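Visitor: As you go down the protein sequences, you meet chains A and B in turn.
Under my numbering, the first residue of the first sequence carries the number 124, and numbering increases by one thereafter.
Under my numbering, the first residue of the second sequence carries the number -9, and numbering increases by one thereafter.
Honestly, the hints are just simulated from the structure, not real lab data.
Owing to the predicted nature of the structure, the values given are computational and were not obtained by experimental measurement.
Treat the hints with care, since some could be wrong.
[Said to hold, decoys possible] DEER-style ranges, computed between Cβ atoms:
#1 A:Leu622 to B:Gln89: 43 to 49 Å
#2 A:Glu151 to B:Glu16: 30 to 36 Å
#3 A:Lys171 to B:Glu16: 25 to 31 Å
#4 A:Leu622 to B:Glu16: 55 to 61 Å
#5 A:Leu233 to B:Glu16: 32 to 38 Å
#6 A:Val611 to B:Leu34: 56 to 62 Å
#7 B:Glu16 to A:Phe221: 49 to 55 Å
#8 B:Tyr69 to A:His142: 25 to 31 Å
Even glycine gets a Cβ: it sits at the ideal position worked out from N, Cα and C.
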Amino acid sequence: MESQPASDVNGLFAAWRGHMAERGVADEATLDELESHLRDEVDRLLEKGLPERQAFFEACIRLGHEDALVTEYRKANWTGEMRQRGLAYELNWRLGMFRNYIKTAIRSLLRQKGYSFINVAGLTLGMACCLLLFQYVAYEYSFDQFNTIRDRIYRAVFHSTHNGEDQGTGANVGFSFGPTMAQEVPGIVKFARVHPNYGDAVVSYKGPAGDRTFKEEGVFYVDSTFLSMFTYPLVKGDRPQALRQPETMLVSASMARKYFGNTDPIGKMLDVTGWVRGPYTVTGVFRDVPPTSSMQFDFLLPMQDLLKTGMYMQEGADWGWTNFTTYVETGPSADLSDIERKITESYTRHRADNLAASNTKIDAHLQPLLDVHLNADFGGPGIVQGSRKTVYFFMVIGLITLLIALVNYVNLATARALDRAKEVGVRKVVGAHRQQLMGQFLLESALMNLTALVLAIVLALLLLPVVNQVADVKLTGSLWLDARFWAVFLGVFGLGALLSGLYPAFILSSFKPVTVLKGKAGAFTSRVTLRKVLVVVQFAASITLLAGTFIVYEQLQYVRGMDIGLDLNQVLVVEAPRVGPEGQDRDDRTIAMSTLKEELRKIPAVREIGLSSTTPGKGFNWYTEMYKATDDPSRGQPARATGIDAHFADVYGLEMVAGQPFHEGMPVPDSGDVRVLVNETMVKAVGFPSNEEAIGQGIKAGPQPTFIVQGVFKDFNWSSAHEQTEAVMFFYQPYGGNISMKVSTKDLPGTLASVQKTYEALFPGNPFNYYFADAAYDAQYKADERFATLFGAFAGIAILIACLGLFGLAAFTAESRTKEIGVRKVLGATVPSIVGLLSKDFVKLVVIALV
Amino acid sequence: MPEVSRSLVAASSRPLILAILSELQESYGYEIIQEVKRLSGGVLEWQDGMLYPVLHRLEEEGLIASRWGVAENGRKRKYYRLNPSGLEALKAEMAQWVQVHQTLMSVWNPNLRPT
């Protein structure tokens, strides 16, 4: 029918034959028959008086739609051939058909490059986010899963009620708890106590190649049962014997390398200065602790050694110094609530007097090992704490982002429908079934989603290190290898692709050819409302996320800008020397620190020097409860204490509002009353009527000693401004741990060098570690910063996707209204006014979303 | 006269062709189409080209046979005639249609007039 016009009718027929052959009707006999038919028809029309050419074309039209003819012939021929050649042929044919569909799908996608790109981009972003988030969630949930008997290991936690007030739940307990429970509660098979070396320890190796000394943070004291309960395999050494002998230790593989290089660590000695002091023989090496272990450690030392130190030999230390975490192993089918009851009963019995005196009630519970990392409500020492809530939160955000991407897709696909309406119309006329069309569109959707998935995987892999950095986690590509992960993810992906493809496919294939070919888009306007709704929803969600980010950032800024009552500017802190000559006692140390202070003061840049056991933002020495000396211990209020010298207050700008400060050389009594300085919160907490009236009064944390209040400081935020101001007590400690110096900013490197030289001259064998007070304080907000960054990132991505979608819609609308624009231009509209007209619609939508 | 739906047109094509061939003994494509149009009073509008694939299928099934001949005007023409099996098939189709017709007639309310 599209033959070249020829003067000769025969020429027309020849052209027609050629064309039909090209279309696939190549059988000569068939062509002959059809031609014969055509000629008969042409004759009849010529009799009626039509001119030749017209008769020919008329006859062709009467013959029917070329496409239909071709299809029918193909069908008929294929059937015959199929019967001849059998099943293999059929499969081949079907494959060919499928390949055809794919080719068509790809061609159609490429034809609409711009739209395809936007859609794939949006989907990729959404999917990459989802992938990363799933990884994160899986990572958080995988903590401690490597332990073989994880289902039978529990951490003992205690819920306390003080004066009827709920005091929360924590895992801290004394060292007698474990053994006592193992004896008295039949359900407990084994126990293991864990005690981190709060603060760091100095570990030193005096080897043939020289000394290697480092400050180590991962020193843990554990019972020998620890290794049989938890799965930390040994690469060297005898597991059953490990940690049974005193003054032996286990090191991690990387620590072995760090101190001993490639030589055999077994039998070598390390000098440890921490809560215990002395030489330790290495009797085993364990594989590096995986990042998904809630307990992170590099050195394991025997619990028995720790229990021999002065502090834990004191009377009352066995239950009173609650610095231990106790894990228990139960039998295979243990009745948990029964065991918990028995533990509570036994605990209460052993601590009866103490509990009664402070009017406290304790409820013991067994927390499953796998809950430890995620449960942020229970505090506990030495644990890498995650938070279930945070995980849920980010999961939700991830899903929202994916949702936005999918909504995007649906929107754009439906919007493009008008363009494709004609295509659909023609296809329907030629005889395509609705199912075929839907199949075609679903295939296109699947292809786009698949491309997006592949790109998303690449993107996610590239971004993994960034995420690790920002979120402070250690995601590895190992998750990709987990089959379950793929099952879940592909399931979600498949569902998403199907659903998002279904709607446009449905719409597109439902067009009535007549309506479409006549140019009416009427059947289609009802969809516009849905599209608008979707866009509004998209933007609303994204804007909510953005708003959330602003709020979080603002909070962060506010908290950091708050006046904390301490001057942290230009304060350099050098960590205290730990290692000293043999037999050094407190007085010797005081003298040594004094000397250090004098020497340091000689450095011109150093303006003030103070000593303290802890510095702002890094916690306190003691966490306890205090009450007026004249009060009942049950009135105790939470309080903190740390040791400072006479100059500390000057370095940090603490303001005294009542009483006297410490003076240099004050006595530090071994027994009897101790003079202390407190802050206003402490005064209020224990119940003194005013700051002045607190002076000279006594407060206590236990039966001994009594602390006499010598002075009161104005309140300050020692810990993060998030928390309420704590009640703080300072006791005089001239040999304190950390040296805080107010330095001038001129030539900081030079100052540092001088300080280091002085330090090392006076305290050889000690690693020189320093930090700046303001940085250390800010580090408390790290968690918040991290959260804000991640949150912001997701909000940004969501908005990006939504914008992509909007852009696509806008571009498309502009295209489809070209006629309208043309007319308006002719009528004299200016470019800006046209831009305004087009944007008006979209701005309206965004504004609605904002609201 | 109402337009007949595509599926009815398609379904009736086989019995129609077989019947026409049995009437005319031997015929060719163009003639068959003209007969259909004449018999149905123009109601059954076939796309002319659609006849031929049906003829081919009928031939493949062995219900009709074909030969090439020369027409009066000197052109080549493919002629078809009914095979015995074709006759059987025709009878079977007729039986089916009659059955359907009778069922519908008994169900339809005589008071309902077709539009």
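Visitor: It remains to establish, for every hint, whether it holds in the given structure.
Guide: Taking the hints in turn, this is what the structure says about them:
1. A:Leu622 to B:Gln89: 43 to 49 Å: 46 Å, holds
2. A:Glu151 to B:Glu16: 30 to 36 Å: 23 Å, violated
3. A:Lys171 to B:Glu16: 25 to 31 Å: Distance hint for lysine 171 (chain A), glutamate 16 (chain B) holds at roughly 27 Å.
4. A:Leu622 to B:Glu16: 55 to 61 Å: 59 Å, holds
5. A:Leu233 to B:Glu16: 32 to 38 Å: Given a distance of about 53 Å, which is not inside 32 to 38 Å, the answer is violated.
6. A:Val611 to B:Leu34: 56 to 62 Å: 58 Å, holds
7. B:Glu16 to A:Phe221: 49 to 55 Å: 43 Å, violated
8. B:Tyr69 to A:His142: 25 to 31 Å: 27 Å, holds
Violation of the numbered hints given earlier is confined to hints 2, 5 and 7; the remaining hints are satisfied by the structure.
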